[in-house]
Amino acid sequence: TNKRITNTMKEITTEKPRIDWIDLAKGFCILLVMWWHIKELYSNRGFTDRNEMLYMATYFRMPLYFFLSGLFFKTYSGYFDFLRRKTNKLLVPFVFFGLIGIVYSLVWTDKLPAQRTWQTLYPFVPVWFLWCLFLMNNLFYLVRHLCRRRKPLIYLGVVCLGVIGYNAGENYIHVLHVRSALTAMPFFVAGYAVRNHTNFLTRRVRKYEWVFIAIAIFLLYGLVMFNGKVAILYVNNVYSVPVWALYLGGAAGIYAILTLAKLLHRLPVISYLGRYSIIVLITHYPIVYLFPKSWNRMLFHGFHGYCALEELVLLACVQVPIICLCKRYLPWLFAQEDLVKTWDISIHKKKQPISNEESI
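Just remember that our numbering sits 5 ahead of the position in the sequence shown, which is counted from 1.
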């Protein structure tokens with residue numbers, strides 16, 4: 006017990022440097038998520054723009070987050086310490102904003118959405134991802150324990166779980182995204198495998214890797230042309246592509262984004278959004294969903310544009326002051342500080358900069 010407490014204290018008092026390109030990769034990913042929601046919500050308000058770039062992004066915008074979470078998976082000092090950390094980073098914001106979403110649904114619609122209570126938490130729909138990631142971390146912890154850390158057996162079992170999740174059908178309230186977590190497990194464990202079997206985090210990227218990025222993008226474009234207008238919805242566990250295309254497209258997109266991030270290293274605003282991606286994930290949807298119609302007509306008049314860059318840039322700029330406010334006044338609700346603490350360490354803990362390993 007004393008040894009565990011000592012190890013925990015060392016983890017707390019040692020500031021871990023952030024990896025800049027990881028924040029940039031997360032920034033690219035959250036921009037894609039924001040872009041998708043802009044397209045999704047405003048297509049229901051009279052705009053119908055859809056294009057190949059959007060469909061290419063659907064292959065990897067969520068798998069990239071799963072991959073990054075697996076890349077930094079740690080068991081810490083034991084399961085209870087692991088559970089406490091994941092509760093602070095994932096479960097606390099999910100429960101708080103999920104309850105707000107339910108209350109909003111009751112007040113606004115005077116009823117709960119049939120069979121979709123945990124999937125239609127307006128105006129906080131994206132919080133489903135936090136619960137899914139919480140499930141995935143705990144599921145992998147269990148698989149790893151049952152397989153007695155035998156990596157070949159772990160990887161084989163996870164591939165089987167992914168196929169089972171893919172074929173399990175659409176999510177409903179009684180499964181609470183377990184099927185989505187199973188389907189996305191191969192991406193999570195791919196990150197874990199890359200961390201344990203390669204030097205991808207530390208090795209330098211050479212200029213010729215632009216060629217491989219181009220190949221990955223071309224592969225994604227080919228998948229879109231082959232499969233047509235795809236529907237890849239992890240929130241509902243609905244996929245209109247074959248299982249091989251789902252994972253191949255996700256892997257190609259993950260490689261392209263991560264390698265591009267390593268080449269660029271850091272872009273100020275995008276990296277900042279990536280560093281606090283959990284805040285952006287939770288807060289961007291209400292801004293888009295509750296946008297006044299008069300503002301919509303004034304600011305979103307050019308929505309028919311190919312990439313909807315005007316809307317995305319506007320939303321990204323709005324997010325910067327929101328991040329500042331949230332981390333300053335509500336740090337516990339956005340995984341910037343721990344709400345659940347153990348008695349042994351809480352009296353010694355001070356606010357420390359979180360590393361990439363402590364954020365989604």
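Hints may be right or wrong, so weigh each one.
[Claimed, not checked] Derived DSSO-like pairs (lysine-lysine); straight-line CA-CA distance at most 30 angstroms:
#, residue 1, residue 2
1, Lys79, Lys91
2, Lys267, Lys346
3, Lys156, Lys332
4, Lys234, Lys91
5, Lys212, Lys332
6, Lys91, Lys156
7, Lys91, Lys346
8, Lys79, Lys234
9, Lys79, Lys267
10, Lys79, Lys156
11, Lys212, Lys234
12, Lys267, Lys212
13, Lys91, Lys332
[Stated by the list, open to error] Across the chosen pairs, the derived CB separations fall in these ranges:
#, residue 1, residue 2, range
14, Tyr146, Leu111, 29 to 37 angstroms
15, Leu319, Arg154, 25 to 33 angstroms
16, His150, Phe231, 17 to 25 angstroms
17, Trp215, His150, 19 to 27 angstroms
18, Val216, Val112, 49 to 57 angstroms
19, Glu45, Ile327, 45 to 53 angstroms
In case anyone wonders, no lab produced these hints; they're calculated from the structure.
A virtual CB, placed ideally from N, CA and C, is assigned to each residue, including glycine.
Going through the hints against the structure:
no.	hint	result
1	Lys79 with Lys91	holds, 11 angstroms
2	Lys267 with Lys346	violated, 35 angstroms
3	Lys156 with Lys332	violated, 38 angstroms
4	Lys234 with Lys91	violated, 36 angstroms
5	Lys212 with Lys332	violated, 37 angstroms
6	Lys91 with Lys156	holds, 23 angstroms
7	Lys91 with Lys346	holds, 12 angstroms
8	Lys79 with Lys234	violated, 38 angstroms
9	Lys79 with Lys267	holds, 23 angstroms
10	Lys79 with Lys156	holds, 15 angstroms
11	Lys212 with Lys234	violated, 33 angstroms
12	Lys267 with Lys212	holds, 11 angstroms
13	Lys91 with Lys332	holds, 18 angstroms
14	Tyr146 with Leu111: 29 to 37 angstroms	holds, 35 angstroms
15	Leu319 with Arg154: 25 to 33 angstroms	violated, 48 angstroms
16	His150 with Phe231: 17 to 25 angstroms	violated, 40 angstroms
17	Trp215 with His150: 19 to 27 angstroms	violated, 41 angstroms
18	Val216 with Val112: 49 to 57 angstroms	holds, 54 angstroms
19	Glu45 with Ile327: 45 to 53 angstroms	violated, 20 angstroms
When the structure is compared with the earlier hints, violations turn up for hints 2, 3, 4, 5, 8, 11, 15, 16, 17 and 19 and for no others.
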